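K.L.:
On the provided structure of chain A, position chain B as indicated by the hints.
The lines below spell out each chain.
Number of protein chains: 2
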Amino acid sequence: MGRGRIRGLAVSDVRFPTSVAQHGSDAMHPDPDYSAAYVVIETDAPDGLKGCGFTFTLGKGTEVVISAVHALSIHIINKDLDDIISDFRGFYRQLTSDGQLRWIGPEKGAVHLAAAAILNAVWDLWAKQEGKPLWKLLVDMDPKQLLSCIDFRYITDALTEEEAFSYTTSCAWLGYPDHCLKQLCTEALKDGWTRFKVKVGNDLQDDIRRCKLVREMIGPENILLLDANQRWEVKEAIDWVTELAEFKPLWIEEPTSPDDILGHATIAKALAPLGIGVATGEQCHNRVMFKQFLQAQALSYLQVDSCRLASVNENLSVLLMAKKFQIPVCPHAGGVGLCELVQHLIIFDYISVSGSLENRMCEYVDHLHEHFKYPVVIMNASYMPPQEAGYSSEMKEDSVKEYLFPQGEVWQKFSCS
Amino acid sequence: MGRGRIRGLAVSDVRFPTSVAQHGSDAMHPDPDYSAAYVVIETDAPDGLKGCGFTFTLGKGTEVVISAVHALSIHIINKDLDDIISDFRGFYRQLTSDGQLRWIGPEKGAVHLAAAAILNAVWDLWAKQEGKPLWKLLVDMDPKQLLSCIDFRYITDALTEEEAFSYTTSCAWLGYPDHCLKQLCTEALKDGWTRFKVKVGNDLQDDIRRCKLVREMIGPENILLLDANQRWEVKEAIDWVTELAEFKPLWIEEPTSPDDILGHATIAKALAPLGIGVATGEQCHNRVMFKQFLQAQALSYLQVDSCRLASVNENLSVLLMAKKFQIPVCPHAGGVGLCELVQHLIIFDYISVSGSLENRMCEYVDHLHEHFKYPVVIMNASYMPPQEAGYSSEMKEDSVKEYLFPQGEVWQKFSCS
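Line order of the protein sequences matches chains A and B. All residue numbers for the first sequence refer to UniProt numbering, where the first residue is 1 and numbers rise by one. All residue numbers for the second sequence refer to UniProt numbering, where the first residue is 1 and numbers rise by one.
Just chain A, same shape as in the assembly (with noise of 0.2 Å):
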């Protein structure tokens, strides 16, 4: 029996109206709309299973990546998904390089958030009809398969297929996964929350006040992070967290452009001898520009994005990548389901990559996980690797219908009102 042909794909503009109580604003997005451009894939098999992915979005804009998604379309509509899994590289390299699409990118803005919501389907499809949760299937997967999924296109001069084959194998020693996750669920049981953000970059004796305070908090043993969402130039950024150093975080994150590659190195090697590393990462777009980051010694700590990467595809050749550059991979969550997804990028990354916790953690928000289908499970501060078939980025159909834009009923109380 075959997967089936893709014979329909639908997309909403899901948002939540976040802002009105100004959950997740910071110096860069006074008011987001946690909002995402949902799309559902069906085929023609008699299993009726759908796929799901999204990509995150802010509010504003999401009809401009629902206008991507619907000008991809083209080219996964009526293909057969065995073809598409059996040669996913060749797909994702078309649907990436599209002659016309790719020149609004490429690889970067809408038309990349986009492929990010259909790849994220047809993983979410291939793991339901394996009966497996994504990470499962990843690392059940032999290594040639895994790799087959990677397009290594511009990233060959620092990492080959050939290299990453060896990554991938080497870690076998890890062993069944059932063990591993045992061995991770006991680690997260010890562990309580022990890492605590705060956002800084707008005035400077208010940050020094407010990391005197959490410091005191906390104790010297957890753990303080800084996040500067961009807001500073290249000096700005050191000037800044040098008066913080006294504070002993562990990283910055985001101090200044995401594009800037450079300015992040420059900004690493001026504060590596304070003991505090860079983050950065959720606005990074491809991994074009993670290599870089990772080549000039940019980063200490690699922030990938589920829904920014184009998927599944993109993010492993980023995950291997940061194994090869002895990089810890903390990824981007919170917005809506980034959690739902990065968790099982980040135990397959524990299983089959890395093999180490250390250094390595993953953000967590409370927020919005009940308009998910199988939320994450959170136990003392951990996530609990997920047991559902599936990339678990399957909404509610009741959520969709309420959040849609505008026509849903929570929008048009806005509207009216």
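Hints were generated in silico from the structure; no laboratory data involved. Some clues are possibly wrong.
Since the list can't tell identical chains apart, any single copy or any two copies may satisfy a pair.
[Unchecked claim] Straight-line C-alpha distance at most 16 Å; calculated EDC-like pairs for lysine to aspartate or glutamate:
(1) Lys235 / Glu161
(2) Lys50 / Glu130
(3) Lys50 / Glu397
(4) Lys50 / Glu388
(5) Lys235 / Asp157
(6) Lys212 / Glu162
(7) Lys269 / Glu236
(8) Lys197 / Glu216
In this text the structure is predicted, and so the values were computed from the model without any measurement.
P.N.:
Relative to the frame of chain A, chain B by itself:
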């Protein structure tokens, strides 16, 4: 009398079916339909002037950019043009840093192209109100006002406003614009077509054969340029171009991913002893990327694109950085209306910034100019400075109507056939 309040913004999806005749195809873009997201803004001022701007696209995806134009339009509708111009930096920042929309960029992809189209229309309108071609508006500005149009965010480690000020004033020795123009024209008149570009990257033996042929045809005194349209990995680029070095090309254009600054630097370093420079920039998405290309000595020829960078504002910052790093600017042109726009930028660059024609050239493709109200004038293979007020960005109404996608006559014919 004020400049008026922006009371309307219209955006059209204008596509030319160039893929039918394979115009403009290359290794990565096999079937482009040269297109534009074309913006017209109107004010309530009695002058009745319209500002016209656009960004260039390749067909599919134009609708995505248009969706982004609509999303951004809230920042310009009902704004007073005087307020925009008197704080152009602030307006630029507002447009490129919308708290929700920046997530799908930031400053890249569809949303940045949309910002370019809108800002191009603002510049066109401003120049028309002043009764000057855009290049003259720029040339006549005092340096302080000129710099007040530029957002220096994220580039101050390479170029501060103070430094930029010295560049714009120290060039005043070039003196009276008309005088310079005469010189420009005199030099231009002596100049027949002397530069020949060969597209490479598909097949090495084929490239060797064609380069040999072209070099024999043009003789040793003319210039041979190579363009790989992002075809290669880093090492591949070095090896391939080394094989073509005997034909003495001046540059290799776009050897690899437009995002790969460090890769370009490696290529540039390897090819320098062969006397071959690296040219890139047509898909370089913002000033932060150009800054790093310059800092890393990753390019020898800087090819700005008037419609990918966010209009004159961002192009100015790049021209000034190029001046500091002593890199000649050779704009990308062709497409739809890119020649019409960039001519203003290179004339300004020559008169007020670089003061040099050495190693400078600007692409020209004789294509689609007939759809513009003030098409470029080429004499003896050189651009003639435009005399009409504005940014030469206005399309003929009939052309917009006829090529409107998908309703226009031209596209209706395709859908019927």
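K.L.:
Check each numbered hint from earlier against the structure, then list the numbers of those it violates in ascending order.
P.N.:
6
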